[in-house]
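If you read the protein sequences in the order shown, they are chains A and B.
If you read the first sequence in full-length UniProt numbering, its first letter stands for residue 1, the second for the next number, and so on.
If you read the second sequence in full-length UniProt numbering, its first letter stands for residue 1, the second for the next number, and so on.
Hints are computed from structural coordinates only; laboratory data are not their basis.
Keep in mind that this is a model prediction, so the values were computed, not measured.
A portion of the hints provided could be inaccurate.
As the list claims (entries may be wrong) - DSSO-like cross-link-like pairs, simulated, lysine-lysine; straight-line CA separation at most 27 Å:
1) B:Lys89 / B:Lys24
2) B:Lys37 / B:Lys10
3) A:Lys89 / B:Lys59
4) B:Lys59 / B:Lys105
5) B:Lys104 / B:Lys59
6) A:Lys130 / B:Lys6
7) B:Lys105 / B:Lys37
8) B:Lys104 / B:Lys37
9) B:Lys89 / B:Lys37
10) B:Lys89 / B:Lys104
11) A:Lys124 / A:Lys89
12) B:Lys59 / B:Lys89
13) B:Lys24 / A:Lys89
14) B:Lys39 / A:Lys89
15) B:Lys13 / B:Lys89
16) B:Lys37 / B:Lys6
17) B:Lys13 / A:Lys124
18) A:Lys89 / B:Lys37
19) A:Lys130 / B:Lys104
20) B:Lys89 / B:Lys10
21) B:Lys39 / B:Lys104
22) B:Lys37 / A:Lys130
23) B:Lys39 / B:Lys13
24) B:Lys10 / B:Lys104
25) B:Lys89 / A:Lys130
26) B:Lys6 / B:Lys104
27) B:Lys24 / B:Lys104
28) B:Lys13 / B:Lys24
29) B:Lys89 / A:Lys89
30) B:Lys105 / B:Lys89
As the list claims (entries may be wrong) - FRET-style restraints, in silico, Cβ to Cβ:
31) B:Lys89 / A:Ala40: 32 to 38 Å
32) B:Gly38 / A:Glu69: 27 to 33 Å
33) B:Val9 / A:Thr50: 42 to 48 Å
34) B:Gly38 / A:Pro68: 41 to 47 Å
35) B:Asn42 / A:Gly46: 42 to 48 Å
36) B:Lys39 / A:Gly107: 40 to 46 Å
37) B:Gly34 / A:Glu7: 51 to 57 Å
38) A:Pro68 / B:Lys105: 27 to 33 Å
39) A:Thr50 / B:Gly18: 38 to 44 Å
40) A:Glu69 / B:Thr91: 24 to 30 Å
Glycine included, every Cβ here is placed at the ideal spot set by N, Cα and C.
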Amino acid sequence: MNFSRRETLALGLGAAAMGFMPFRVNAAVEDAIAAFTGGAEMGEGGLTLTAPEIAENGNTVPIGVDAPEAASILILASGNPTPGVAEFKFGELAGSQAASTRIRLAGTQDVVAIAKMADGSFVKTSSTVKVTIGGCGG
Amino acid sequence: MADGVKPRVKVPKSAAAGDTITIKTLISHNMESGQRKGKDGNLIPRSIINRFTCEFNGKSVIDVTLEPAISTNPYIEFDSLVPEEGEFKFTWYDDDGSVYEDSKKIAIG
Numbered sequence: 001m002n003f004s005r006r007e008t009l010a011l012g013l014g015a016a017a018m019g020f021m022p023f024r025v026n027a028a029v030e031d032a033i034a035a036f037t038g039g040a041e042m043g044e045g046g047l048t049l050t051a052p053e054i055a056e057n058g059n060t061v062p063i064g065v066d067a068p069e070a071a072s073i074l075i076l077a078s079g080n081p082t083p084g085v086a087e088f089k090f091g092e093l094a095g096s097q098a099a100s101t102r103i104r105l106a107g108t109q110d111v112v113a114i115a116k117m118a119d120g121s122f123v124k125t126s127s128t129v130k131v132t133i134g135g136c137g138g
Numbered sequence: 001m002a003d004g005v006k007p008r009v010k011v012p013k014s015a016a017a018g019d020t021i022t023i024k025t026l027i028s029h030n031m032e033s034g035q036r037k038g039k040d041g042n043l044i045p046r047s048i049i050n051r052f053t054c055e056f057n058g059k060s061v062i063d064v065t066l067e068p069a070i071s072t073n074p075y076i077e078f079d080s081l082v083p084e085e086g087e088f089k090f091t092w093y094d095d096d097g098s099v100y101e102d103s104k105k106i107a108i109g
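Whole structure, please, built from the sequences with the hints as guidance.
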């Protein structure tokens with residue numbers, strides 16, 4: 001079987017694209033999202049996730065979420081052994097729909113935040129954090 | 001009950017009625033994730049604080065569900081409205097059933 005130069009290049013590009021595609025989808029994360037949203041569509045906007053670009057120590061990564069209009073906010077770490085991080089439910093006296101805390105990240109990964117708005121809709125945002133030293137012991 | 005659990009809360013002493021204030025809370029706790037192995041090679045069982053709530057005069061301000069991915073000595077910062085003089089009540093729920101409480105009064109002025 002002979003390949004022309006053009007065909008060889010096309011094959012190479014296809015193979016490279018295949019290599020990048022997988023591994024982004026994590027079943028546990030999808031389950032956690034489905035449990036929170038009930039399978040509803042998620043929009044964008046109205047939710048801010050503050051996370052550092054690079055975290056030297058994965059044991060304490062400071063993060064913050066802010067979503068005016070939100071009733072509750074779920075935070076997930078897609079690359080942790082268990083993806084759940086925290087769920088903030090805002091009560092009637094919440095001064096703003098914002099909170100910050102410190103989390104553990106096992107390695108470089110996307111941190112995902114999903115807010116349930118007061119009108120029942122959902123919005124999602126995520127942020128990639130590079131972790132130099134993982135925070136899950138072992 | 002885990003040893004040496006000590007809640008620390010920072011609330012302003014006073015605020016104007018209707019103001020929004022920032023509350024910072026920290027509780028010293030190991031938050032053993034259940035993923036680490038001890039010296040004998042066995043997993044150390046999970047032992048974390050799984051829920052934190054804050055109430056002002058009986059009305060909910062925030063209710064947080066914590067998972068093992070929360071760092072040692074969980075720190076939570078949030079905002080609250082202060083409609084009147086009263087008392088903030090903070091409650092942490094441990095995996096082992098213990099409940100740790102703290103409260104802070106706030107005056108109007």
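Task: In rising order, the numbers of the hints this structure does not comply with - done: Hint check: 2, 6, 7, 8, 9, 14, 17, 18, 19, 21, 23, 25, 32, 33, 36 and 39 fail, others pass.
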